[in-house]
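Participant: These protein sequence lines are chains A and B, in that order.
Going from the first sequence to our numbering is simple: count from 1 and add 725.
Going from the second sequence to our numbering is simple: count from 1 and add 725.
Hints were generated in silico from the structure; no laboratory data involved.
Do not take every clue at face value.
To give a feel for the contact side, a few chain B residues facing chain A, derived at Cβ under 8 angstroms [claimed, not checked]:
1. Leu731
2. Ser735
3. Tyr814
4. Thr839
5. Val865
6. Lys869
7. Ile880
A virtual CB, placed ideally from N, CA and C, is assigned to each residue, including glycine.
Protein chains: 2
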Amino acid sequence: MFKETLQHYSSMIEEYIARIPWGKDILNESMAYSLVGGGKRIRPVLALASAEAVGGNPEKVLPAAAALELIHTYSLIHDDLPALDNDDYRRGRLSNHKVFGEANAILAGDGLLTYAFEFLTEPSLGQPGQQLRVIREVAVAAGKNGMVGGQVLDIAGEGKQLSLAEIEEIHKGKTGALLTVSARLGGILAGAAEQEIEALTRYAQALGLAFQIKDDILDVVGDSETLGKPVGSDLRQGKSTYVSLLGLEEATRQLHSQTEKAQAALKLLGEKSAFLSELAVYIEQRQH
Amino acid sequence: MFKETLQHYSSMIEEYIARIPWGKDILNESMAYSLVGGGKRIRPVLALASAEAVGGNPEKVLPAAAALELIHTYSLIHDDLPALDNDDYRRGRLSNHKVFGEANAILAGDGLLTYAFEFLTEPSLGQPGQQLRVIREVAVAAGKNGMVGGQVLDIAGEGKQLSLAEIEEIHKGKTGALLTVSARLGGILAGAAEQEIEALTRYAQALGLAFQIKDDILDVVGDSETLGKPVGSDLRQGKSTYVSLLGLEEATRQLHSQTEKAQAALKLLGEKSAFLSELAVYIEQRQH
């Protein structure tokens, strides 16, 4: 049942993304290259599932869910740039700047980030007050106190021995904030009660941490073909990770404890949140 | 009277920008470095003046006006990067990446763009429906069919002999779109009638063109000290400009004709638009 629902949400998102009308120029081409080129679509899935977990219609949330994937994709394009992580591969293909050049990659990222906010103003998304709240929360989560801030901390920490608290601070920004707002956004647009939005928040925070610990584990024990990127790149770049700090065994234990924490947060939402609960297990067990 | 009003609007904006609370880290420092470091603030001035020209209160528009300057500033930081225009100086000081490094400059730009959308959700800005319309228009103007699109065309055109139509296409995106939305935004948030918003649009389109022609002229005849950047950089980069294509005399004639066109568009708005009319003359005659 979980696999079918995941497939259903993924198809909704892929179809929505496939229908985005792109122009014929190099900018549109490079934006589409990175967006359409796969990825797990965790953020939009989280948005759709969160809307459904509070009794909303996931279909209605689609433009906002897609906006999250646009923002995630822009952040990957900029992260991969030579001045940042200098990664040649992403999602199993050449990274954007390897195909379109650095200038176009920077601008493709800018274009995707900006386009995301256009998606968030889609009139079908619902009541303007809710929509404004969502736009504000997304801007905060993606910005200097969220994703961009985490990215800067990450770069500043390269080659340094970081503490566990410092690593958590980086990931709360770099991946946690956008994952958390993905769940909140689904709840808000579905008209959830504040208490339900809070439950989704606690769920997504634990899920985000689990996601990151798993990422660090996969960088050590994963298979580069399944992952679509080289294994061991954190190590080579001298990054402190959960694994380098805690060891594989303790990192695996913490991954499991965050997964349980995520599931516990869903109690308030009852049966409707079964998919979210299984999603946490799926993330704990993923191989890519 | 014009000088006093311009000074008044500028002070409002500078004071508003000076009150933005920045964190103490390098990301906040680099964002603030480029934003606070001067500039003509044409876009926010245009927003405040347009609100007042339709009978609105410019004070109320300030957060949105500041957002325009954040977006403009982000675009300058990214434009100056080595992979793009590779400019070491901006507004008379070292460009962002020369001070903070390329990685931080890319992320400072990302942070400013994202922060701009947070400003646009400021609850004091007014009625949610108007606000959503403004956010959508700003996203379109700043995005792939506006500013970012113009920037990509600009880069693609370097070293090529462009036609006048191609140059206009570049500038419509690169500078025109954001200038136009600045005026529209002031009108929309002030609750202007559609006809008034249309008049502001025609005004700003002509003003934007005039602004760009003047930029090209100043790159040839300007004084690098007054400009705060080296003269002749378009020429060195092999860029086609209004001056390289039309000659100085014809470019100056077209500058004047666009200035008159901008003024003519204001007829509908009457006396309240006197400042906007004089602003067009000011832009025609500016030395930096």
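Participant: Would you pick out the hints that fail for this structure and give their numbers low to high?
Facilitator: Those not satisfied are hints 1, 2, 3.
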